[in-house]
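Whole structure, please, built from the sequences with the hints as guidance.
Chains as they are written, first to last, in full-length UniProt numbering: chain A, 1 to 278; chain B, 1 to 278; chain C, 1 to 278; chain D, 1 to 278; chain E, 1 to 278; chain F, 1 to 278.
Simulated from the structure, these hints should not be mistaken for laboratory data.
In this text the structure is predicted, and so the values were computed from the model without any measurement.
A portion of the hints provided could be inaccurate.
Since the list gives no way to pick one copy over another, a pair counts as held whenever it fits inside one copy or between any two copies.
Capping the alpha-carbon separation at 20 Å, the derived lysine-lysine pairs in PhoX-like fashion look like this [claimed, not checked]:
| # | residue 1 | residue 2 |
| --- | --- | --- |
| 1 | K41 | K123 |
| 2 | K245 | K123 |
| 3 | K131 | K272 |
| 4 | K131 | K41 |
Protein chains: 6
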Amino acid sequence: MTLFPENFADALLFDDCPHEDLTTVGLGIGSVPGRIRAQFKTPGIVAGAEIAAAVLSRAGASVCLSARDGDLLEAGATILTAEGPAESLHAGYKIAQCVMEYASGIAFRTREMVDAARAVSPKVQVAGTRKHWPGGKRIALAGLLAGGGIVHRFGLSDSILVFDQHRVFCDDFEAAFRALQARSPERKIAVEAGSPEEAMTFVRLGADIIQCERFSPEVFASFADAARAESPNVRLSAAGGVNAKNAALYAEAGADILVTSAPYWGAPQDVKMRFERL
Amino acid sequence: MTLFPENFADALLFDDCPHEDLTTVGLGIGSVPGRIRAQFKTPGIVAGAEIAAAVLSRAGASVCLSARDGDLLEAGATILTAEGPAESLHAGYKIAQCVMEYASGIAFRTREMVDAARAVSPKVQVAGTRKHWPGGKRIALAGLLAGGGIVHRFGLSDSILVFDQHRVFCDDFEAAFRALQARSPERKIAVEAGSPEEAMTFVRLGADIIQCERFSPEVFASFADAARAESPNVRLSAAGGVNAKNAALYAEAGADILVTSAPYWGAPQDVKMRFERL
Amino acid sequence: MTLFPENFADALLFDDCPHEDLTTVGLGIGSVPGRIRAQFKTPGIVAGAEIAAAVLSRAGASVCLSARDGDLLEAGATILTAEGPAESLHAGYKIAQCVMEYASGIAFRTREMVDAARAVSPKVQVAGTRKHWPGGKRIALAGLLAGGGIVHRFGLSDSILVFDQHRVFCDDFEAAFRALQARSPERKIAVEAGSPEEAMTFVRLGADIIQCERFSPEVFASFADAARAESPNVRLSAAGGVNAKNAALYAEAGADILVTSAPYWGAPQDVKMRFERL
Amino acid sequence: MTLFPENFADALLFDDCPHEDLTTVGLGIGSVPGRIRAQFKTPGIVAGAEIAAAVLSRAGASVCLSARDGDLLEAGATILTAEGPAESLHAGYKIAQCVMEYASGIAFRTREMVDAARAVSPKVQVAGTRKHWPGGKRIALAGLLAGGGIVHRFGLSDSILVFDQHRVFCDDFEAAFRALQARSPERKIAVEAGSPEEAMTFVRLGADIIQCERFSPEVFASFADAARAESPNVRLSAAGGVNAKNAALYAEAGADILVTSAPYWGAPQDVKMRFERL
Amino acid sequence: MTLFPENFADALLFDDCPHEDLTTVGLGIGSVPGRIRAQFKTPGIVAGAEIAAAVLSRAGASVCLSARDGDLLEAGATILTAEGPAESLHAGYKIAQCVMEYASGIAFRTREMVDAARAVSPKVQVAGTRKHWPGGKRIALAGLLAGGGIVHRFGLSDSILVFDQHRVFCDDFEAAFRALQARSPERKIAVEAGSPEEAMTFVRLGADIIQCERFSPEVFASFADAARAESPNVRLSAAGGVNAKNAALYAEAGADILVTSAPYWGAPQDVKMRFERL
Amino acid sequence: MTLFPENFADALLFDDCPHEDLTTVGLGIGSVPGRIRAQFKTPGIVAGAEIAAAVLSRAGASVCLSARDGDLLEAGATILTAEGPAESLHAGYKIAQCVMEYASGIAFRTREMVDAARAVSPKVQVAGTRKHWPGGKRIALAGLLAGGGIVHRFGLSDSILVFDQHRVFCDDFEAAFRALQARSPERKIAVEAGSPEEAMTFVRLGADIIQCERFSPEVFASFADAARAESPNVRLSAAGGVNAKNAALYAEAGADILVTSAPYWGAPQDVKMRFERL
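Here it is, written out as structure tokens:
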């Protein structure tokens with residue numbers, strides 16, 4: 001189940017159809033009953049289906065969900081059907097389609113990374129960043145989760161990640177790090193590192209997670225050995241340019257977590273909305 | 001000037017930073033003053049800069065805009081600078097960066113299409129569709145406009161476009177079309193056509209715009225000649241798979257308008273946010 | 001069907017009843033069941049009924065709609081009935097009544113204009129302006145549409161209309177007009193004119209619609225002949241002081257569109273809310 | 001000072017200009033500086049000026065208020081001036097104008113009633129009902145107050161008024177009335193009466209205010225004498241069809257309060273928005 | 001019935017569960033069906049139950065209310081049950097519990113005051129002030145009303161209460177008071193007094209209610225006698241430090257109304273949420 | 001700095017003053033200038049001051065903050081001053097006062113716990129739960145942080161805490177726990193335990209934090225020794241009935257974290273708002 005606020009589907013719907021649908025009303029077809037069937041054109045992973053259903057529902061259609069987020073469907077298999085007057089179907093279908101297309105595209109690209117990485121390292125996680133399109137957290141994360149990813153950070157208030165942009169403000173980073181540790185006994189502390197040398201200093205400081213930014217897989221592998229020798233429980237994540245092509249290399253190099261924005265980009269996955277008159 | 005609601009920047013900001021920024025507060029650096037300078041890593045077109053500035057402003061920084069949406073900047077040229085306490089800069093910078101990166105990416109891809117098409121047909125327009133990411137109309141259109149595109153449709157209430165999905169509900173399409181014309185004296189009527197034959201029937205019905213869906217450039221060209229012979233003032237748009245690669249071909253084939261979603265997809269354009277302590 | 005956001009009925013309801021209904025609660029009658037029947041006192045055109053029903057529904061009543069927006073009802077015929085505890089009926093009935101009274105008043109006055117104009121010119125359209133009461137677009141337009149009118153402009157983002165207030169900013173209006181045409185291939189361009197001479201220059205420039213501001217019917221008629229001789233497809237609208245009394249005169253003078261705010265003003269149409277205890 | 005929420009002006013503005021102003025942008029005049037001067041065409045009472053100023057401000061103009069709500073201005077006297085780029089002036093001026101026109105119209109009609117009534121009874125109050133246009137409480141009441149009226153009821157949670165529609169639910173009205181009195185020691189209790197006989201029973205029950213619905217002025221006068229003989233402190237209000245024409249008659253008949261919706265209806269007062277280029 | 005906006009329960013829910021429930025999803029138990037039964041640990045007064053039910057409903061559970069606000073329940077008696085998948089129950093239960101615990105705590109403390117005061121003066125009312133926690137009016141007043149209290153003031157727009165903080169701005173308080181009376185014929189005028197002498201001047205001015213701030217019960221009693229001798233209909237309220245311990249003393253001293261914030265403070269009443277798997 | 005949305009102060013303000021302030025307007029004192037000075041009556045910790053300032057600002061006053069959240073002030077020292085017309089001061093002062101009183105009360109009680117606990121264990125943290133008043137997260141946490149506490153959980157999406165209410169849904173808790181660990185490499189996993197025996201099983205499973213519910217200090221101490229012998233890095237928190245009285249005992253018993261809701265309950269701290277006329 002995806003929980004989203006009552007006004008979320010409404011906001012999507014009225015952004016596109018703030019007043020009457022000029023075409024449908026003008027053609028005089030508003031009350032003619034019909035049905036939409038949503039299907040992938042090529043095999044895909046369902047994502048955003050509950051949101052899409054809520055949009056169509058709010059537009060006045062009766063919706064039946066035939067699949068759940070995360071399901072892998074064949075081309076032509078039905079994701080959902082919606083029945084109602086033409087005015088309801090036309091008010092909501094394009095938004096519903098867009099939600100599923102963008103989310104499923106993300107799900108597909110996430111799944112590719114997960115599958116590639118787990119083929120060599122079964123416990124590795126693909127964690128999606130905050131760098132989804134602005135204002136799109138709910139739909140982008142629906143895609144990420146449907147594709148088997150996890151959420152790296154929802155934002156600034158749910159996790160701790162020290163960047164170089166923080167350290168520029170610290171006179172004495174070690175002292176600042178100790179203060180951060182003392183104030184944060186219930187959370188892990190992650191630190192982003194730009195080189196293995198820097199990374200090792202953070203291991204020694206006691207960081208729980210080292211986020212290795214733009215290490216090559218080879219450099220990552222040798223650092224991972226050294227880091228785990230120093231601190232067996234430290235978690236290591238690979239970030240910066242990690243994508244479906246190199247996911248397996250980083251997994252093999254010993255990454256626990258692949259931190260990535262790559263699945264957010266790229267074309268939506270085609271979802272066909274077949275109309276028929278009833 | 002981009003006009004957007006007071007709560008728009010707030011919504012972006014609090015989606016990412018709903019409560020305290022655990023890292024900045026934990027490190028004890030919140031009140032240390034600093035400056036961010038936003039710059040493209042490669043030449044780019046500024047887009048979303050006023051929204052980005054508003055986000056940083058709402059986070060408590062003083063922002064100075066050095067460029068306007070639509071400006072083409074060299075790598076390293078400054079888009080904006082923001083000064084304030086570290087807590088303000090950290091609360092807002094990633095969102096500000098994302099807004100500019102997504103919008104500028106769209107602007108760049110739009111510009112490519114505009115330039116390619118206008119090289120062969122100086123008056124052709126590149127019109128962005130409604131198929132941007134769901135809920136992202138404001139930022140996606142900021143990118144589109146900055147890149148020299150125009151808005152195809154804001155949604156269902158500002159323009160008339162008859163799809164096959166409408167015609168499925170019409171018993172007598174000609175009668176429905178006449179009703180639509182009668183009710184819509186102040187708007188143009190566009191009809192999407194899937195083949196030149198179908199398209200010609202819409203020309204004869206008196207449609208103002210024929211949106212040619214997935215015609216090859218050759219088919220488009222021969223249809224365009226026939227259509228204009230029949231109705232000299234009809235506007236012809238090419239839609240469906242139109243992108244930077246084939247934009248010139250469709251422009252050459254006689255399209256008045258290239259209807260496209262392609263600029264919305266693809267990677268954001270890198271914007272570097274350089275931090276310094278003051 | 002009228003599509004409106006989930007929170008629209010709520011906003012109306014809680015604006016009037018933000019906390020408890022002091023009278024109903026104080027009398028101790030809150031849970032006594034009852035029924036309201038809504039009826040016109042004189043024949044009228046139903047408008048706003050779905051919004052009214054939503055308000056009563058949100059207040060906790062079960063509502064049955066007996067008529068649809070646009071229906072012409074006899075005095076005493078039922079528009080809707082609502083059943084529920086007295087507290088629900090009292091929380092919502094006055095707002096529901098107001099919505100229907102204001103919208104139906106507009107519908108009635110629109111219908112008068114439409115009927116008067118069409119008696120002499122069957123295809124003329126009555127187009128309601130943006131000058132409804134501020135913040136009341138949804139209800140005012142529900143009335144307009146129920147009365148057979150069309151929407152002149154939802155606002156500034158859905159149509160192009162050049163006013164004298166724009167021209168004051170143009171150094172070279174012809175050049176500006178050409179730029180506007182070039183950028184707007186998918187929309188008609190309307191220009192407001194204050195005299196037949198001015199109007200004819202806009203016809204010659206190629207405006208799609210000339211909005212004739214405060215022309216007398218006689219002046220309108222002679223201009224219309226001249227304009228159509230020059231440009232057979234130009235649309236002509238009469239605006240400024242057009243109302244039920246002179247609608248037929250402008251229709252006869254050759255107006256395609258009567259642009260008016262008059263239906264928005266005037267008394268609401270009485271809707272009787274008959275209460276009975278169950 | 002009129003206090004209204006930050007998002008109130010925004011909601012008005014973006015309802016009319018949700019995205020770009022197609023005309024102003026298309027003409028290429030967006031950044032040309034200009035000034036608007038708002039003036040009555042005929043003498044009028046300023047109302048809604050702070051809201052109008054806030055709308056123009058939010059659209060990007062610098063606004064200078066030259067008058068305050070309630071001021072009586074000559075024709076041609078300046079209410080406010082706004083300076084800024086054409087895009088700001090065009091985005092906000094029509095909404096600003098509408099706010100002032102609707103509110104000032106209400107103020108003017110209220111003032112007429114107040115003046116007529118006070119000429120014969122200097123302490124009488126004109127109280128505006130809840131039957132303003134739905135969702136328009138803030139602007140309608142700004143007009144009412146500017147015209148010298150008072151607010152009869154903001155809604156159901158701020159005052160007690162027993163209607164016939166409440167009594168239909170009471171088995172024993174006297175008992176219900178006593179319960180209401182007991183529970184409401186800090187508020188006056190008003191009861192609406194449809195006849196002098198009914199009204200006198202409410203006086204005897206101890207109602208603080210009798211709202212006399214559709215009594216003729218003569219009937220009102222004789223009831224008023226009887227009521228005050230019975231209960232010297234009772235307040236008497238005239239309601240139902242009370243307007244500028246009969247206000248003096250009811251005032252003379254002894255009404256303390258004239259309860260009316262009449263000022264809400266009728267044409268807005270013309271406000272001229274004069275543009276000039278700077 | 002408690003009327004509250006559709007988005008009220010949503011706001012409570014998403015404030016606590018903005019995105020996925022990391023624990024429930026991570027454990028893989030989201031779809032396992034279960035039931036919650038809400039019960040008091042000690043006898044208590046139900047309050048906030050409809051809001052709690054709405055929260056659980058919005059989270060996806062089916063809720064059955066077994067009691068109504070104001071009911072006095074034994075320890076262990078069921079307030080409500082909710083059934084649904086574990087993800088729904090976990091998303092909503094803590095918020096639902098908090099709503100009932102805070103509101104019921106207030107109800108209980110209100111009831112104590114009401115019972116104590118009415119034991120000696122059966123018609124006295126306990127009126128809760130505006131000094132509930134900020135933003136908590138709806139839930140705090142639900143508790144107050146469930147406990148048998150009344151609302152002193154919803155805020156500044158529904159009642160008149162003159163404080164010393166107002167008088168500091170009056171040059172001539174008597175004139176200002178007369179103006180206030182003239183403008184407010186439909187509302188009672190209350191004045192807060194800091195001493196019996198001051199209070200008596202307000203009685204003589206004609207205040208409808210004297211709110212006696214921090215009078216001892218003895219002082220209150222002697223003032224009450226004097227005030228009622230002067231003005232038999234004046235209402236007297238005791239305010240400032242009035243609580244369950246001294247409520248009977250003030251009631252005995254002749255207070256009509258006990259104005260208090262005390263019930264808002266103190267621990268929530270324990271509500272046990274018993275989970276079982278289905 | 002406290003970051004809160006633009007509409008947060010507005011929501012607080014308009015909840016209390018939805019329309020005109022009947023008293024201030026009626027007395028005719030709205031435009032008389034004045035000043036408020038906010039001061040503690042007894043020594044206290046400033047909290048919520050920026051929110052209070054924003055409320056007064058939005059009401060039209062000029063505000064000067066003399067202290068920051070977390071500052072310990074003497075009785076009579078100034079927290080903030082606000083200057084403006086009486087209508088602005090009266091519209092905002094009570095809400096501003098309430099915000100500071102509730103938040104400062106929480107700050108004070110948090111500080112008491114922190115000081116008591118740290119006297120015996122300098123690194124112990126006092127973590128405030130989600131059981132603040134519903135909808136009050138922002139103000140309650142402002143108090144908590146000002147008093148030196150930390151946030152235990154903002155909600156369900158920022159941390160992992162396994163309750164007995166989760167385990168009831170697990171067929172095989174160990175398997176579920178392993179799944180949770182695998183999916184959550186970037187977060188600590190806390191488990192609530194009802195007895196030392198249960199707690200030790202969670203230590204052995206590898207939980208990062210054991211939240212000991214209602215252990216006596218003695219039981220806590222002996223469990224702590226055993227747990228740390230088993231797993232030196234495990235964090236131990238004491239929860240359930242932990243308050244200022246027993247904080248030192250739990251700290252001495254070896255708790256790393258005291259999880260508590262106690263500071264949220266209890267009376268607000270008196271803040272005097274001194275008015276003077278200017």
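Notebook entry, point to check: From the Cα coordinates, with 20 Å as the cut-off, is the pair K131 and K41 best called within, between, both, or neither?
Noted result: between (28 Å within a copy, 17 Å between copies)
Margin query: Treating 20 Å as the Cα threshold, decide for K245 and K123: within, between, both or neither.
Written below: Within one copy, since 18 Å is at most 20 Å while 41 Å is not.
Item checked: Alpha-carbon proximity context of K131 and K272, limit 20 Å -> Between copies only: 14 Å across chains, 28 Å inside a chain, cut-off 20 Å.
Note to self: My question is about K41 and K123: at a cut-off of 20 Å on alpha-carbon distance, are they close within one copy, between copies, both, or neither?
What the structure shows: neither (32 Å within a copy, 35 Å between copies)
The structure shown violates just one earlier hint, number 1.
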